[in-house]
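Go ahead and model the full structure; you've got the sequences and the hints to work with.
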Amino acid sequence: LCTHDYQPENGYYVAPEQPGLGQELNDEVVKEYLAYVIK
Numbered sequence: 001l002c003t004h005d006y007q008p009e010n011g012y013y014v015a016p017e018q019p020g021l022g023q024e025l026n027d028e029v030v031k032e033y034l035a036y037v038i039k
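This note's numbering puts the first residue of the sequence shown at 1, with every later residue one more than the last.
No lab work stands behind these hints: they were computed from the structure. Glycine included, C-beta positions come from ideal geometry on N, C-alpha and C. Heads up, a few of these hints could be off.
What the hints assert, rightly or not - Cross-link-like lysine to any residue pairs, in silico, SDA-like; alpha carbons within 25 Å at most:
1) Lys31 <-> His4
2) Lys31 <-> Cys2
3) Lys31 <-> Leu21
Unchecked claim - What follows is a list of derived Cβ distance ranges for each label pair:
4) Leu34 <-> Gly11: 36 to 42 Å
5) Tyr36 <-> Asp5: 27 to 33 Å
6) Pro8 <-> Val29: 21 to 27 Å
7) Tyr6 <-> Val37: 27 to 33 Å
The structure is reproduced here in structure tokens:
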């Protein structure tokens, strides 16, 4: 679902350099999920 797969290095996670949580959604995977709009 996300474009980055962060894994621990020597038992620790390295802080990403991207803003926020450092994650981006994979648009191709997101399109496969159903979405509902409730009005």
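Going through the hints against the structure:
1. Lys31 <-> His4: holds, 18 Å
2. Lys31 <-> Cys2: Within the cut-off at roughly 13 Å; holds.
3. Lys31 <-> Leu21: holds, 22 Å
4. Leu34 <-> Gly11: 36 to 42 Å: For Gly11 against Leu34, whose Cβ atoms are near 38 Å apart, the range 36 to 42 Å holds.
5. Tyr36 <-> Asp5: 27 to 33 Å: Holds, since Tyr36 and Asp5 (Cβ atoms, about 28 Å apart) stay within the stated range.
6. Pro8 <-> Val29: 21 to 27 Å: holds, 23 Å
7. Tyr6 <-> Val37: 27 to 33 Å: At roughly 32 Å between Cβ atoms, Val37 and Tyr6 fall inside 27 to 33 Å, so the hint holds.
This entry satisfies every hint, going by the numbered hints stated previously.
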